Amino acid sequence: MEALLVPSLAKVERIIQETPDVRTYRLKFKDDSLMEKFSWHPGQFVEFSLLGSGECTFCISSSVTRKGYFDCSIKKAGIVTADIHTDLEEGDDVGIRGPYGNWFPTDDIKGKNLLFVGGGIGLAPLRSLIQYAIDNRSDYKDFTILYGARTSADLCYKEEIEEWKKNTGIRVVLTIDKPEDTWKENVGVVPKILEEVVKPEIANTKVITCGPPIMIKYTLQSLDRLGFSPEHVITTLEMKMQCGLGKCGRCNIGSTYICKDGPVFTYAQLKALPDEF
Amino acid sequence: MSFSTFVTDTAGLQKMFEAIISKHETYAPVEKFGKFDYKKVSSLKECNPDSPIDATMSVKPLFFPRASKIIKYEASSAGTSIHETDEDPIAGKRVILGVKHCDARGLQVLEAVNKWDYIDSDFLKRRANTVIFSTRCDKADTQCFCTSLDYDVENLDAMDVAIINGPDGRIYLCARTEKGENFLTQNPAPGSRNPEPIAQEEMKKQYETFAASFRLKMDYKDVNEKMSKRFDSPAFEEASRNCVSCNTCAFICPTCHCFKISDEKIRDTGLRYKSYDSCNNAYFTLEAGGHNPRPAKYRRWRQRSMHKFVYYKERFGVNLCVGCGHCAISCPVNISIFEVVNHVANAPVES
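Chains as they are written, first to last, in our numbering: chain A, 756 to 1032; chain B, 24 to 374.
It is worth saying that the hints were derived from the structure and are not from the lab.
Small disclaimer: the values here were computed from a predicted structure and weren't measured.
Errors might be hidden in some of the hints.
Stated by the list, open to error - For lysine-lysine, the following DSSO-like pairs were computed, each having C-alpha atoms within a straight-line distance of at most 27 Å:
| no. | chain 1 | residue 1 | chain 2 | residue 2 |
| --- | --- | --- | --- | --- |
| 1 | A | K783 | B | K288 |
| 2 | A | K920 | A | K939 |
| 3 | B | K288 | A | K1015 |
To be verified - Short, incomplete list of chain B residues facing chain A, as computed with Cβ under 10 Å:
| no. | residue |
| --- | --- |
| 4 | I94 |
| 5 | F274 |
| 6 | C279 |
| 7 | H280 |
| 8 | I284 |
| 9 | S285 |
| 10 | G293 |
| 11 | A305 |
| 12 | N315 |
| 13 | K336 |
Said to hold, decoys possible - Covered stretches of chain B (chain A as the covering partner; in silico rule of three or more C-beta atoms under 8 Å from a C-beta of chain A):
| no. | region |
| --- | --- |
| 14 | 48 to 56 |
| 15 | 149 to 162 |
Cβ atoms here follow ideal geometry from the backbone N, Cα and C, with glycine treated the same way.
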């Protein structure tokens, strides 16, 4: 009996190939009443299992305001994610536990300008909040979405980004690391574009950022230089987790459980943690 | 509430143990190839619950099993099905004899992590269903330092019944919890109930003799405080250099509780189970993308010792070490957590 660790079955409704190594899996619990009851906040995660291969932690990359399904966007990186990419097909079943963890402070950021800064697969947790904020548009002021990837092929959610651009009050700035023949948008790493192109308004703005560790490191420095206070910069950590419940000890940093106290933290909170992420 | 005390002698104690074993599902330390581990017993001949045992195994696996099934699953053309396994070999009412004080304290310490936020009802149910009798510890083993830590070794309420050697040569059975009280009332020990109070002065002297037998002593408050200021100390590297990362220390520790979840698949059926893991494992924090926040051994030792002496205390108010010495005794390269934390605590502070 390990009641806390028993997953529920969900069916893969659709698989969207986002980039050469990222796929979005659209999921629906097999038990309709469970799907009906399933509710989450932007930034929360699930324990996703390919039975026989293993269980992994993924954020839910869609918003609860889009009913009847939830998305996990999965990059092929390790053993289980490679199995997921190879073996999992539409119509197959996976195990799901959750939702777990804290979430982006959807209430605290009401009435603010939102600056999203994402890199690569790091747009996945931000997408949940972007969809949520679009679906509650009147609660928030202007959005700026700065999103970068190594190449144009590595940008996730390409069609959806085009939809975002059509919204009034949403500015989308895209960038890739090196020039490409048909690329008409920005070239350069995210922190550079943030300072040189986006030049964000600081007053009444909350920054929500997620991306690879190196991008986060330099983005935080840029935000510092631009004058953002660490309390207004929010990020989400992607530590190795296993139980998701504050028991297995894997994601501890100091006395903090990233799976329970996080994964969402302000930059000010991160600064107070031992340097172990 | 005040609890009863019974008084008996060695023969009376043996008789009571026999009666318990015949009436209840009973576990006790059983020797096998020179190693003691807690096993179900059917006769007193199989075990020796009346003397402090060699510190080889803790009682933890009877509450937090070394491996427990989470689900069985089957894949077929009709789809996948998940079966919860309701088998729990240690779910019923039971008695455990011969538990050392430190080991019982370990369970008390573990309760904190198992009942905050998400409640691990399996762990709590196992504890609630168990009556724990302590053993008669009368002197320290070479690696023991329980008397140095943040709990009252003398009046520990982590066991349900404490068995204490009286200064008068008699044996006192002291109920320490309501469960212990009820158990002793329903399973009366031979001898008299509520005897003359044990002479406090005499008991104190006896405890002092016990405490004096300890080779290892530390000022844990001082260690807690000093360690919290030495996160960046090179002393962690010095103290852990010999470690071979075998994780034996964690697996036999009464308080280590890190675990992993694994899938074992044979053709179309599989099993998912929970089993022990340790923060000393190099892959423990390794992320799929290749990033590892604790890539070096000293960082993992820092996590292990800081978790025991700083972090758990910050979070739950108690040290995650009970001073049992199991880890030091079983370590193949002779590292002792006592020496590690003292070495770090007394190292210069990095500016």
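Hint by hint, here is what the structure shows:
no. : hint             : result
1   : A:K783 / B:K288  : holds (24 Å)
2   : A:K920 / A:K939  : holds (15 Å)
3   : B:K288 / A:K1015 : violated (30 Å)
4   : I94              : holds (6 Å)
5   : F274             : violated (14 Å)
6   : C279             : holds (8 Å)
7   : H280             : holds (7 Å)
8   : I284             : holds (5 Å)
9   : S285             : holds (7 Å)
10  : G293             : holds (5 Å)
11  : A305             : violated (12 Å)
12  : N315             : holds (8 Å)
13  : K336             : holds (8 Å)
14  : 48 to 56         : violated (count 0)
15  : 149 to 162       : violated (count 0)
The structure fails hints 3, 5, 11, 14, 15 (numbered hints given earlier, in ascending order).
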